[in-house]
Amino acid sequence: MGAGWLFLFAVLWSAALLFGAVFFVIMFSDLESDYINPIDLCNKLNQFVLPEYAAHAFLALLFLLSGQWTALLFNIPLIAFNVNKILNKNHMYDATEIFRSLPGHQKETYFKLGFYLISFFYYLYRMIVALIAEGEH
Amino acid sequence: MASPDQQLPPGWEARWDAQYNQYLFVDTTTGHSQWEPPAQQGIPPAVGPTPSVSPPPAHHSGKRRQYAAGQTQAYYASDNALNDPSYGAAGPGLHAQPAQGGQLFTPGLVGENQFAAQQGPVPGQTPYYGGQEAQQPDYINAPGYGQTQQPAYGQPPVDALASQFNQMGMGQKFQLNTSNLLNTPPEPRELHRPPPEIHLPPNAAISPSPLANADPSYQRSTLNAIPTTSSLLSKSKIPLALILTPYRTVKEGDEPVPLVTDTVIARCRRCRTYINPYVQFIDGGNRWRCCMCNMSNEVPQLFDWDQVRNQPGDRWARAELNHSVVEYVAPTEYMVRPPQPAVYIFLIDVSHAAVQSGMVATATRTILENLDRIPDEDGRTKVAIICFDVSLYFFSVAPGDGESTMLVVSDTDDVFLPKPNDLLVNLAECRKSLENLLGKVNEMFQENSIIGSALGPALQAGFKLMSPIGGKITVLSSTLPSVGAGALKNREDPKILGTAKESGLLQAASPFYKTFAIECSRAQVSVDMFLFSAGYQDVASLACLPHYTSGQTYYYPAFNAARAEDAQKFAHEFGEVLAMPIMLEAVMRVRASRGLRMSSFHGNFFVRSTDLLAMPAVPQDQSYAIEIQIEEAITSPFVVFQTAVLHTTCYGERRIRVVTLALPTTTNLSEVFASADQVALATLFANKAVERSLTHKLEDARDHTFKALVELLIAYKTSMTSGGAGASGQLAIAENLKMLPVLVLGLLKNVGIRQSAQIPPDIRAYSQALLTSLPSQLLIPYIYPTFYSLHNMPPEAGTIGESGVVMPPPLPLTSERLERHGLHLIEDGQTIFLWVGRDAVPQLIQDVFNLPSYEVLRGGKVTLPILDNPFSQRVNAIVQKTREMRRGVYYPHLYIVKDDGEAPLRLWALSCLIQDRADVLPSYSQFISSLKEKVSTT
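Residue numbers (the numbering used here), protein chains in the order written: chain A, 14 to 150; chain B, 11 to 948.
Be a bit skeptical, because a hint or two may be false.
[Claimed, not checked] Dumping the calculated SDA-like pairs for lysine to any residue here, alpha-carbon to alpha-carbon at most 20 Å: (1) A:57 - B:521; (2) B:944 - B:725; (3) B:707 - A:32; (4) A:102 - B:497; (5) A:98 - B:704; (6) A:120 - A:32; (7) B:707 - A:114; (8) A:102 - B:519; (9) B:707 - A:117; (10) B:707 - A:101; (11) B:524 - A:115; (12) B:524 - A:32; (13) B:524 - B:505; (14) A:98 - B:705; (15) A:57 - A:75.
[Stated by the list, open to error] If you want the footprint, here are the derived chain B segments under chain A, 3+ residues with CB under 8 Å: (16) 522-528; (17) 614-621.
Think of the hints as simulated: they come from the structure by calculation, not from any bench.
Idealized CB from N, CA, C, for every residue including glycine.
Please take these sequences and the hints and turn them into a complete structure.
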């Protein structure tokens, strides 16, 4: 019973993260085409950086608590990556350096977008599997 | 060289070059110019292979490229004279002409052209530490002491060769000559040569004016022929970049920047390019075609109208069609608000250390003395003074002659202004009371024993005061900020110096200095830092503010006004900064022809959008580097780079300064190499190395720079020489790039980049700030210092020539040129060292320092006395000239360095001689052989 609900929640959660990543991508391309200045961009994006990390970590925590090891394993690399960034204190966007590091940021955001997309479908699949399994019982 | 014209062969002309204070010799028939007098072209240097060396085989003249083996022969051979048309039928017999008759043996000049001679002991020269008393000190023979001497020109034959080639190869625009680094020692005078000439296609410019293309001091490119495709560029491994100093000072003798006052500004509708000498008029002159995007635009109606006299004017006389550097008076469309007045806020540290060092007294006196020089033509300039230790002291200045009152704010957590008005006052109206106040500040805090500094809160207060207008905050601080926002800790740790963690010390310790810098940039506030601490002050963090707000950092380690030299240096530089006409609320944008894109920016500014640089206040003579990408193949025969700086002058006028540079394109790799500008390349490398040392590691920055050079050499070797066949005997590089290795070596040995565990992080950070902001003219001596020998300088050196003082010939930077009985001068634009050999004759010491003997002489900072003898006056003139000859506000300290004096000073001076080995740092020959090893193994 629990697995179905958990993955339903995970699907919604990763959909939200997906939207977040799309937002980042749009903002970066806005910066590239000069629709927004770097100071505003960084102020805007920086308030979403930590919530995004937290949301992702929370999902992983749920997997840990409910013993969904495959799903947890799938998420661990990204968590490690985020934690490493925070420890190195370069998780925030720096307006003075943003143009120099823009290609890197974009690449990272695209990667995250892909990651959330894959995890969305994976959770969806797991949810269906779990619901079917429940239905059989 | 009193009148070089007389000695010239027909067709040559000597022109005095004010910038380098040397004669430039111009062949009027070909337009070729060189530094060396052509009359001596056929004559081998004093010590060279015998003249009987046969001329190189004639076939080489038909070849496009010349290989080093043949070339070295050509150096000393006679064919220069043969090929020089002005010499007619003069045969090899010409060598016999005793042009250097009555040669005196001057070790300093012997063997100038021989690598071996430089690196090993010169045959016949007194071994430096040999201690022979038998030889008469050269000083006695030196000119100016009664004996005449022919100025034995250590003539770099390279120039002669270059001229020869120029005359031969008319077909190609850029003549590529290969030079072998293994047997051509660096020749300092090479650095004073102008960059490779720009050969634009005929009729590229609509104006015949020689000023139609930007002077290299305004804008120069690393390549003077732009490759048409990015694959060609990457094949050459030469980075493409622009080095620009749009707000260069106009010194005496420089062309002033013409001003277009009628506010008729013709710009391309599509790409917003300003009209320039490279556009084309079409349609009977009613339209013009943009040189960047080929858009056809209408010519503005008033373009041909002389508004001053109200009659039809001559379009071809307009400044923007004849000059590459012009300034427009901008109409209201270019303003978001009325032009701001100039605003200066001085934040003066009055803590115990600052008062005791005499900084406060010197600073207030300098401001007082320079009140007249602060730009205030329209009487709108505003000034405020805020003092700070752990509290803030505001001064309410009454207009007229009133007394000013001090208001103390000790709440540094939440800074507020104690009074809404009278803190920021009009300079002209409150002149008297300001003078009063400035005279008293030092007295007020004379007994201050408070230690600590609330620099952050003081900055916030200054920002609050000026943020509605914008302007310049000048910080004078002697202590590490310890209170309130932006407080810093002493993070200097000798253990991590020289390790990978060192670059952490060069980054800002507190995010305050970056976020505050951004706020400043937004409010058009620029910050200048004057730092004076004897201890650790975290220059790296503090320098962030000037870096992002287009200010400048000035650092006077262990400043003590009791030493007259310290006070004089600071007062001079501070005074110059105060008097500097600055550009306010400026934005800069560089546009380029289709296919080219500005990819990254280096320098003191904030990048506000992909290609817009925000500079709240642009100081003069600050240099920026911009890297360029070739995005798509270029089809046009030439490309144009245009820098536009929209700014408000400090006299309250909105203006646009436009600098246009046109460069030809090429599909030929050899032209790409032949057109490379080594000075611009070195400037770019310095900028990139500093940036890399911050984002990565210092080690990484060095490796990266070295690798860039190796790649360039490999690219040259594989594409321009006969490949692997002659791999062993030479390290080939283009003639015009042959100083690049030594410049890179100088950069790698510069204080800002050097591998060492002894350099305090403050000194490093300051040096890095200089490396990224100095214009090429100052940067090149900073990485490759100038070295003169004074005791045996030619007789005209130090005397007044046609324009200013004649400088002695520069020597290669190796300590083998130091003579133990000699007097030498080493300078890098920031410091001057006067090196006195231990066997200096008493007469020399007496003449220069007015002291009886070498033993009495003290090393260290001095002011040289001006004595009543010609030698002293000449030395003084040279020192004076060294301080004045370059742009920029810097006033170098003069240190006397005794040969056997205190070790740190001696080592410091010796570290300027970059061609020597020092600790782990390689000598020039070691550097070259490690380059060669890398090049031949790949």
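The hints, checked one at a time:
1. A threshold of 20 Å between alpha carbons decides the hint, and for residue 57 of chain A with residue 521 of chain B the separation of about 18 Å falls inside it, so the pair holds.
2. Proposed proximity of residue 944 of chain B and residue 725 of chain B is supported: the alpha carbons are some 12 Å apart, at most 20 Å.
3. Simply put, residue 707 of chain B and residue 32 of chain A have alpha-carbon atoms about 37 Å apart, too far for the 20 Å limit, and the pair is violated.
4. With a C-alpha separation of about 19 Å, the suggested pairing of residue 102 of chain A with residue 497 of chain B holds against the 20 Å cut-off.
5. Using a Cα cut-off of 20 Å, the hinted pair residue 98 of chain A and residue 704 of chain B holds, with the two alpha carbons roughly 17 Å apart.
6. For the proposed pair residue 120 of chain A and residue 32 of chain A, the alpha carbon gap of about 17 Å is at most 20 Å, so the pair holds.
7. For the given pair, residue 707 of chain B sits about 17 Å from residue 114 of chain A by alpha-carbon distance, which is consistent with the 20 Å threshold.
8. About 12 Å separates the Cα atoms of residue 102 of chain A and residue 519 of chain B, which keeps this hinted pair within 20 Å; it holds.
9. Taking the CA atoms of residue 707 of chain B and residue 117 of chain A, the gap is near 19 Å; set against the 20 Å cutoff, the hint holds.
10. Between the alpha carbons of residue 707 of chain B and residue 101 of chain A the distance comes to roughly 15 Å, so the proposed pair stays at or under 20 Å and holds.
11. Of the supplied pair hints, the one linking residue 524 of chain B and residue 115 of chain A holds, its CA atoms being roughly 18 Å apart against a limit of 20 Å.
12. Taken as a hint, the residue 524 of chain B and residue 32 of chain A pair is broken in the structure, with Cα atoms around 30 Å apart against an allowance of 20 Å.
13. Under the criterion of a C-alpha separation no larger than 20 Å, the hint pairing residue 524 of chain B with residue 505 of chain B is inconsistent with the structure, at around 27 Å.
14. The suggested pairing of residue 98 of chain A with residue 705 of chain B holds, with an alpha-carbon distance near 15 Å, which does not exceed 20 Å.
15. For the suggested pair residue 57 of chain A and residue 75 of chain A, the alpha carbons sit about 29 Å apart, so the restraint of at most 20 Å is broken.
16. A stretch counts as covered by a chain when three or more of its residues have a beta carbon under 8 Å from one of that chain; for the stretch 522-528 of chain B and chain A the count is 3, and the coverage holds.
17. Residues of the stretch 614-621 of chain B lying with their CB closer than 8 Å to a CB of chain A number 5, which satisfies the three-residue condition for coverage.
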